[in-house]
Amino acid sequence: MKLSIIKRDSRVKDFDMERIHIAIKKAYEEVHGNDFVFKDHWSDLEINIEKTILELGKEELFIEEVQDIVVKALNNKDKTVSKAYEDYREKRRIARDTNGDTYKKLDKVLQCSDIMNSNANVDEHSFGGRKFESANVILKRYTLDKVIKPEIARAHIENRLYIHDLDSYATGMHNCSFPDIKKLVNNGFITRNGDVRGANGLSTAFQLVAVIFQIQSQEQFGGTGSCHIDYDLEEQVDISFKKHFSDALFYFEDKEVSWRELDSEICVENKEELKKKYPKLTAFALRELDREGMQSAQGLYHNLNTLESRPGSQVPFTSINLGRRTTVAGRMLTRWLMLASIDGIGKHHKTSIFPIAIFQYKKGVNDTEETPNYDLKKLAIESMSKRIYPNWVNCDWSKNVEDLSNPDTAMATMGCRTLVGFDRHGMGYSKVGRGNVTPVTINLVKIGIKHGICLGEREEANLEGFWNELNELLELSATALVDRFKYICSQSAKSAPFMYRNKSMLGGEYDSDTCIYDVMKHGSQAIGYAGIAEMCQALFGKDHGDDKDVHKFALSVVERISKFAEEASERYDLNFGCYAAPIESTCGTIITGNREIKGLRDEFGIIKNVTDREWITNSHHIPVWKNIDVFTKLQLEAPFTKYPTSGCITYVELDSSVVDNPKAIEQIIDYAFSLDIPYLAFNFPIDTCLKCGYQGEFNDRCPICHSEEIEQLRRVTGYLTTDYRNFNKAKQAEVKERFKHSTITKL
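The sequence shown begins at 0 in numbering that gives the first Met the number 0 and counts up by one.
Possibly wrong hints are sitting among the right ones.
[To be verified] Using 20 Å as the maximum straight-line C-alpha spacing, the simulated SDA-like pairs for lysine to any residue come out as follows:
hint: 1; residue 1: Lys662; residue 2: Thr631
hint: 2; residue 1: Lys57; residue 2: Lys145
hint: 3; residue 1: Lys597; residue 2: Asp164
hint: 4; residue 1: Lys148; residue 2: Asn470
hint: 5; residue 1: Lys78; residue 2: Gly32
hint: 6; residue 1: Lys182; residue 2: Glu218
hint: 7; residue 1: Lys385; residue 2: Ser42
hint: 8; residue 1: Lys181; residue 2: Thr631
hint: 9; residue 1: Lys71; residue 2: Lys82
hint: 10; residue 1: Lys25; residue 2: Asp67
hint: 11; residue 1: Lys145; residue 2: Ala169
hint: 12; residue 1: Lys24; residue 2: Lys90
hint: 13; residue 1: Lys449; residue 2: Ile156
hint: 14; residue 1: Lys449; residue 2: Glu291
hint: 15; residue 1: Lys76; residue 2: Lys107
[Stated by the list, open to error] Ranges between beta-carbon positions, derived for each pair:
hint: 16; residue 1: Thr325; residue 2: Asn660; range: 24 to 30 Å
hint: 17; residue 1: Asp246; residue 2: Ser655; range: 42 to 48 Å
hint: 18; residue 1: Phe697; residue 2: Asp262; range: 54 to 60 Å
hint: 19; residue 1: Lys130; residue 2: Glu271; range: 52 to 58 Å
hint: 20; residue 1: Ile703; residue 2: Lys148; range: 54 to 60 Å
hint: 21; residue 1: Val481; residue 2: Ile46; range: 49 to 55 Å
hint: 22; residue 1: Asp15; residue 2: Glu569; range: 17 to 23 Å
Since the hints were derived computationally from the structure, they do not count as laboratory data.
No experiment lies behind these values; they were computed from the predicted model shown.
In this text, a Cβ means the ideal position worked out from N, Cα and C, and glycines have one as well.
Make a model of the complete structure from these sequences and hints.
See below:
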């Protein structure tokens, strides 16, 4: 009988009847004593067990299925022995669990002896952090053992395919979202403990935005944001202006007129005419509006950095896109938010971690001095030069089709890099009420090692083997994503009542049996890739920044992933997309392994320029240690960025000499977007003395008060964290090797 057994750790072993023989013999001896002649009973039991297994007609059985068959056979023979066998089985389980991998992992988490820092914004020393990580250990094991298909679990454990946020799989959560902020702020919403009225002014509106982000983030595992905050809150700016104008009438003219009863001409969009007609009243209203706007924007920044409402003392992962609106109200909103960013938070005016601000760059709107929002672009550069944020998104990207009459179709990203592209189910390029459902990431480095020259087994890369294995993993990726999509859709809408009852995500009806499917079908399924640079080194002995032919090959790999995503979209009628994956903790896990994954070093050893560092390079990026000028880096990475329609990011690492040169910064931004790069971000060090508040780049000792209580702010993978020493070890090592561009030469 040729049969394979799937063990509890997903390993596959040949069926061995002798192991069953030993276990049953122990059960008989437990009941009848050692003198019992077991062999007289074994023959019938063996025949019965084999017959039952054969009748199932399977080539693979889980170990638990075999044990259940044994129990049934024993029940028919001797119920007392059957009970003894089950007791023995339970004792073995307890012993296995107590001394097994899961309990050992829990011991390390609870004793803080193995701080992983897999998420730089989770405090793994705190009570909440330990509880969060403990739950993650259990949920990951449960998911691998009981929820996902064995072949997908094996691919994850074998470090071929990474299942993102495995700890959230079994609960049925999705990844990230662009909730309908405008609707929720204006109309209010329902929560578990009551309902919230719609806002009637800026201060309330900004508070509601923070509340919406907070609640929405509880019902997903990724980030949430506004795809156009300067559009979402425009009406609230006008309401506040009218209220202040009404106050001015009372203070200066002793007239009590409700803001609702003011003439239609009294609106913020008409401020220039109002200045001429009612100079004193308008000046007062605008001054008070500006004060309220600034305080409200500052309140949003403080709230989003202090609402530790997610597990592990995390704040919500939030982002706000802005800079496109040319209305008076829209421009005011962008200005207030950028000034709040520049001002910082707390007594030392520290750089805020969230929200990730994203400036929406658009030709004819804010790109040159002649455009209406160019002043906001300059303000955004000032903010970025001090606070690293905003990032920059290219609203002229060739892969996004915008309807200029519909702001919801403007290019926007969910902060870290995630995009939602075209929706085949009717929403087109609209972003509001959509998000990414789930991502997976293919480990390209392992394929490169297996089929490349790096192990000395061949003189030329086995490209046929490489493409065959990549295609196999693409198929497995699609299966993994579709399975998880179905699992998410099998949940009850009551699992996420805020999201489905208030329609923060669009498409479904709360009381409908198909509510979750009707929402999630508009989202994206992301097939990610990691380690292009190390893949090339493994295959050819050089990376895509060294050689034109290698660069061409690397590009063909990403093109193949993109093409497959298109094919999968047709096959499954879902929105698949190629994804330049963010791999914050995975960048190190792929090399060194972790609690459930075997690392490449354990399997292949240390290979120069492949596994000799503590991390692998994100997506298609040129390795961070490469000493090349900024424009060459942009030229090399730009061709890749037309393929990841589910998201990508391009980084430029700077030192302080360039950061203090706004013209140089603007030159880089303009050049990057001329190459059709969709999303751009800058990195540079920000060190803050926690004694006197001095900020600059000085690392370990403050040059003013000489304190060594220094916070060293750096970017992780799209977002900031309070101190880069909170990063996982791999990311800390990567930060130290980042090459900083100190001179900019115009092309």
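- Falls inside 24 to 30 Å, the C-beta gap from Thr325 to Asn660? Holds, at about 28 Å.
- Range agreement (Cβ of Lys148 with Cβ of Ile703, hint 54 to 60 Å): Given about 59 Å between the Cβ atoms, the range holds.
- Message: Run the distance test for Lys78 versus Gly32: straight-line Cα separation, threshold 20 Å.
- Response: holds (16 Å)
- Task: Please work out if Lys71 and Lys82 have their alpha carbons no farther apart than 20 Å.
- Result: Roughly 11 Å between the alpha carbons, so the hint for Lys71 and Lys82 holds.
- Message: Given the hinted pair Lys597 and Asp164, is their Cα-Cα distance within 20 Å?
- Response: holds (17 Å)
- Using the C-beta atoms of Lys130 and Glu271, is the stated range 52 to 58 Å upheld? Since Lys130 and Glu271 have Cβ atoms about 56 Å apart, the given range 52 to 58 Å holds.
- Taking the CB of Phe697 and the CB of Asp262, does the distance hold inside 54 to 60 Å? For Asp262 against Phe697, whose Cβ atoms are near 57 Å apart, the range 54 to 60 Å holds.
- CA of Lys181 to CA of Thr631, is that 20 Å or under? Between Lys181 and Thr631 the Cα gap is close to 41 Å, so the pair fails against 20 Å, i.e. violated.
- Message: Need the status of pair Lys76, Lys107: alpha-carbon distance at most 20 Å?
- Response: violated (45 Å)
- Item | Restraint check for Lys449 with Ile156, where alpha carbons must lie at most 20 Å apart | holds (17 Å)
- At the C-beta level, are Val481 and Ile46 separated by a distance inside 49 to 55 Å? 42 Å Cβ-Cβ, so the 49 to 55 Å window is violated.
- Query: Does Lys385 pair with Ser42 here, judged by a C-alpha cut-off of 20 Å?
  - Reply: At roughly 80 Å apart (the allowed maximum being 20 Å), Ser42 and Lys385 break the hint.
Violated hints, in rising order: 7, 8, 14, 15, 21, 22; the structure is consistent with all others.
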